[in-house]
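In the order they appear, the protein sequences are chains A and B.
In terms of my numbering, the first sequence has 278 at position 278, counting the first letter as 1, and numbering is strictly consecutive.
In terms of my numbering, the second sequence has 326 at position 326, counting the first letter as 1, and numbering is strictly consecutive.
Be a bit skeptical, because a hint or two may be false.
Copies of the same chain are indistinguishable here, so a pair counts whether it falls within one copy or spans any two.
[What the hints assert, rightly or not] Lysine to any residue pairs mimicking SDA-like chemistry, simulated, CA-CA at most 25 angstroms apart:
no.	residue 1	residue 2
1	K339	G297
2	K325	G32
3	K298	E147
4	K339	V63
5	K325	D116
It should be emphasised that the hints constitute simulated quantities derived from the structure, not laboratory data.
2 protein chains.
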Amino acid sequence: MVNIAVLGYGTVGSGVVEVINTNGARINQRIGDELNVKYVLDLRDFPGDPIQEKIVHEFDTVVEDPDIQIVVEVMGGIEPAYTFVKRSLQAGKSVATSNKALVAKHGAELLSIARDHNINFLFEASVGGGIPIIRPLNSSMTADEIEEITGILNGTTNYMMTKMFYEGADYDAVLKEAQDNGYAERNPEADVEGYDACRKIAILSSLISGQQVDFEDIYTEGITKITSEDMMYAKAMDMTIKLLASSKRDGDHLHAIVAPHLLGREHPLFNVNDVFNAIFVHGNVLGDAMFYGSGAGKLPTASAVVADVVDEAKHLHRNIMTMWKSDKLELLPIEDTKKRYFVRIGGNAAVMQAYLESRFGSIEVVEIEGLEGEFGFKTGILSEGEYREIAKEFPTIKGMIRIQE
Amino acid sequence: MVNIAVLGYGTVGSGVVEVINTNGARINQRIGDELNVKYVLDLRDFPGDPIQEKIVHEFDTVVEDPDIQIVVEVMGGIEPAYTFVKRSLQAGKSVATSNKALVAKHGAELLSIARDHNINFLFEASVGGGIPIIRPLNSSMTADEIEEITGILNGTTNYMMTKMFYEGADYDAVLKEAQDNGYAERNPEADVEGYDACRKIAILSSLISGQQVDFEDIYTEGITKITSEDMMYAKAMDMTIKLLASSKRDGDHLHAIVAPHLLGREHPLFNVNDVFNAIFVHGNVLGDAMFYGSGAGKLPTASAVVADVVDEAKHLHRNIMTMWKSDKLELLPIEDTKKRYFVRIGGNAAVMQAYLESRFGSIEVVEIEGLEGEFGFKTGILSEGEYREIAKEFPTIKGMIRIQE
Chain A
1 MVNIAVLGYG
11 TVGSGVVEVI
21 NTNGARINQR
31 IGDELNVKYV
41 LDLRDFPGDP
51 IQEKIVHEFD
61 TVVEDPDIQI
71 VVEVMGGIEP
81 AYTFVKRSLQ
91 AGKSVATSNK
101 ALVAKHGAEL
111 LSIARDHNIN
121 FLFEASVGGG
131 IPIIRPLNSS
141 MTADEIEEIT
151 GILNGTTNYM
161 MTKMFYEGAD
171 YDAVLKEAQD
181 NGYAERNPEA
191 DVEGYDACRK
201 IAILSSLISG
211 QQVDFEDIYT
221 EGITKITSED
231 MMYAKAMDMT
241 IKLLASSKRD
251 GDHLHAIVAP
261 HLLGREHPLF
271 NVNDVFNAIF
281 VHGNVLGDAM
291 FYGSGAGKLP
301 TASAVVADVV
311 DEAKHLHRNI
321 MTMWKSDKLE
331 LLPIEDTKKR
341 YFVRIGGNAA
351 VMQAYLESRF
361 GSIEVVEIEG
371 LEGEFGFKTG
381 ILSEGEYREI
391 AKEFPTIKGM
401 IRIQE
Chain B
1 MVNIAVLGYG
11 TVGSGVVEVI
21 NTNGARINQR
31 IGDELNVKYV
41 LDLRDFPGDP
51 IQEKIVHEFD
61 TVVEDPDIQI
71 VVEVMGGIEP
81 AYTFVKRSLQ
91 AGKSVATSNK
101 ALVAKHGAEL
111 LSIARDHNIN
121 FLFEASVGGG
131 IPIIRPLNSS
141 MTADEIEEIT
151 GILNGTTNYM
161 MTKMFYEGAD
171 YDAVLKEAQD
181 NGYAERNPEA
191 DVEGYDACRK
201 IAILSSLISG
211 QQVDFEDIYT
221 EGITKITSED
231 MMYAKAMDMT
241 IKLLASSKRD
251 GDHLHAIVAP
261 HLLGREHPLF
271 NVNDVFNAIF
281 VHGNVLGDAM
291 FYGSGAGKLP
301 TASAVVADVV
311 DEAKHLHRNI
321 MTMWKSDKLE
331 LLPIEDTKKR
341 YFVRIGGNAA
351 VMQAYLESRF
361 GSIEVVEIEG
371 LEGEFGFKTG
381 ILSEGEYREI
391 AKEFPTIKGM
401 IRIQE
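Chain A on its own, in the form it takes in the complex:
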């Protein structure tokens, strides 16, 4: 029997118990042993729920029990999750977690403790919910140099962008609807400001580089400034706007960014709608690949956590996860990234185009019937630094959205 303890009986924790109850026979067959939830750690009691008999309130009960071989951390947040995970690993127990904040901040250290103890620290559910991405990067795409990972990594904002695109709704209305549907939190900041996607791309960037990428270093811009007018321009260009989290290799360095981007119809991420997530990967020999699925939700996330538990149960005393070292990787400054830009500006295109081209180089003007006194234009490829310098000269610029090629 393989005994596990689940830390936290919230949405994901109760999902983990439900998945093990639902698919237990199949899971046991895959492990070749019986998987048993021995404890669930939660501050609360759940009278009347069958889980109650497994509820414990003290982490020491878990960590001091030599029967517990795997600890599932699904509490979220840095503390006390970090302390509990670290103590579990130091006690020789493998850990599976869905906690992106914990992995982004302390992943390198926790992986290193797991390796020293010949056990495992796995975190498939921390990025992309149920979508397998960590394990494919770790054990499938091993013949490649991964040159780019670009993902739609946040379901809430993708739901909002989809509604704004297809229904022409404005930001505030869509946010309210997302909140009413339970897709967005009452305090939506972590989603709409891009902080959630930022932690996830930090994890993926660390994995593909093998070094520590600090999420604080990643330029992050949310969707709060995207308007229904922006979507009108996007449609006129046969493009859409998505919150992308992206990491691109440039020699031994990485460019990383979280920001809304314009995407053309031919891009594999164009049609990723509603709360779905997808991760586009470009390998130097594999070429383009994409992984698509439910990026959040109780059961999809729990599915990924339990898959990690299965892997850990099959490798109780054998470390299987690639390390990322704790040496920090310095990201290239945002000013050095090169892109095309879509710019909205007040004024008249016929009057201003020649002057704009004298500063930005050749531009492509986009005008929208009904939007008077302004127009849009696409620049050629410029560094973000160059763009910013030149943009300063044009006080009527209303906004800029980067273009994903």
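On the provided structure of chain A, position chain B as indicated by the hints.
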């Protein structure tokens, strides 16, 4: 040093050597040892090519060399591949292959020999080229019952369907263009008749059921009867036509089919175009997921083969691949599958609708301007057996395409 031998220096074989040359440093870092191509087995010589010094003509040279730990089989076809792979495994050498015909026919036996010798038989490249799908099924989606796998598994036919859909071209013109571009063979039968996709879905069906699914048992219909008129109807219904290979769980059994299907715009496979492949998976807790990428091509396929080699080099004496047993799984008869059908029929809709509805139940008529003397209709859900019985009564039926929900 980990020494490997590559059997066959054709497209994939030379790709394998190229990938190892290109990404050798990264690959060695991942293995924690140096990967060395010691032999390349081919009947031909390659004078002037640096590979020549590694060329051998006798398989015995490979199998009798105790230094060779991993054999890469990329010759294709059943013989002599089967004999070479079996002898390699029996000699304690792990094998990585891209050979779908071999895996579909002898996978269960070869996996069993590998397990008995505590080595590995891996075949990621046999389905979906560079797309990771075998390994995700084997080690990521292990908390789920996989209820459905539906894939666009053949790039040639997907290229043709895409051209027919977007350009309105007819079948013969598109086939000729595909042949001229090198996307289709001079003898295109294996692709256009669905035989290639059939072997691939047989492999996936065996993996998700854990039993032997014989490709000969899978109902297989190619794209040869799809016309530009069919595409006109598809467009009118805001759908497209794709050659789908699909396996669906029904209790302890599976329904499996390869056939052209109509797909709606909301289906994740709708936008998989050109030579790209994609595999849609539905798990009972994961929900929907999709894997997308290059389904063929020298380097993407070689990328998947070399990733298997990396895994085998990391697990030289440890079996890591889930078995499928050699007991044969009886598929459910095609007559029992339930679907909606799109039917083209000669005649006049106004005249015939009432009578058609008396036989098929409620139908949805589709008429195309310019196509005189015929119309199309969508049925409700019927078993294929029921559909076939009723269809016999209507000799003016020109064709039927199944609808994928």
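Hints versus structure:
no. : hint        : result
1   : K339 x G297 : neither (34 angstroms within a copy, 30 angstroms between copies)
2   : K325 x G32  : between (33 angstroms within a copy, 15 angstroms between copies)
3   : K298 x E147 : between (32 angstroms within a copy, 19 angstroms between copies)
4   : K339 x V63  : neither (50 angstroms within a copy, 53 angstroms between copies)
5   : K325 x D116 : within (13 angstroms within a copy, 37 angstroms between copies)
Checked against the numbered hints given earlier, this structure breaks hints 1, 4; the rest are met.
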